[in-house]
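Just need the whole structure built from these sequences, with the hints factored in.
Read in order, the letters of the sequence shown are residues 28 to 157 in the numbering used here.
Hints are computed from structural coordinates only; laboratory data are not their basis.
You may find that some hints are simply not true.
Subject to a maximum C-alpha distance of 25 Å in a straight line, what follows is the list of computed BS3-like cross-link-like pairs (lysine-lysine) [as the list claims (entries may be wrong)]:
| hint | residue 1 | residue 2 |
| --- | --- | --- |
| 1 | 144 | 89 |
| 2 | 147 | 117 |
| 3 | 89 | 118 |
| 4 | 115 | 148 |
| 5 | 117 | 144 |
| 6 | 144 | 115 |
Simulated DEER-style distance windows between Cβ atoms [to be verified]:
| hint | residue 1 | residue 2 | range |
| --- | --- | --- | --- |
| 7 | 98 | 67 | 14 to 20 Å |
| 8 | 84 | 139 | 19 to 25 Å |
| 9 | 112 | 71 | 17 to 23 Å |
None of these values were measured; they are calculated from a predicted model.
Ideal placement from N, C-alpha and C gives every residue a C-beta, glycine not left out.
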Amino acid sequence: MNNIGIVIVSHSALVAEGTAIMAFQIAGDSVPIAWCGGNIEGGLGSNADEIFNAINRAWSDKGVAIFVDLGSTEMNSQIAIDNLEQDKQKKVLIMNAPLVEGVIVASAKASGGESLKALKKAVEELTHSG
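Here you go:
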């Protein structure tokens, strides 16, 4: 089955990895999941090159959903997307959703074959559900 890929980007490598472990427990091998976190020195931060690599590890022709935690992870994720081939750029979306909850909902929906557009709508409802 060809499902949407998920990329988890956090300022903390441990938060990204822990969230990925939860996602794997929900989706198993049915959803390609990649993560990255922290800066090059191992501290808090994010790195556009690592995000670019994570997108490629989670790549699916159905698209890739990126989940971020704070401002610069979103900025660096956009830089990574901009560095992709143009045909791939159109299939990668940054989700406006809480990191952990969004990834968990996305993992379940992606494992069921949800489209990227429908997944985006579902996870963004988490932000508006108060």
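Going through the hints against the structure:
1. 144 <-> 89: Holds, at roughly 10 Å.
2. 147 <-> 117: 14 Å, holds
3. 89 <-> 118: Given pair residue 89, residue 118 holds - Cα atoms ~7 Å apart, limit 25 Å.
4. 115 <-> 148: 20 Å, holds
5. 117 <-> 144: Holds. Residue 117 to residue 144 sits at ~12 Å (cutoff 25 Å).
6. 144 <-> 115: Holds: residue 144 and residue 115 sit about 15 Å apart, inside 25 Å.
7. 98 <-> 67: 14 to 20 Å: Holds, at about 19 Å.
8. 84 <-> 139: 19 to 25 Å: 22 Å, holds
9. 112 <-> 71: 17 to 23 Å: 30 Å Cβ-Cβ, so the 17 to 23 Å window is violated.
Checked against the numbered hints given earlier, the structure breaks only hint 9 and satisfies all the rest.
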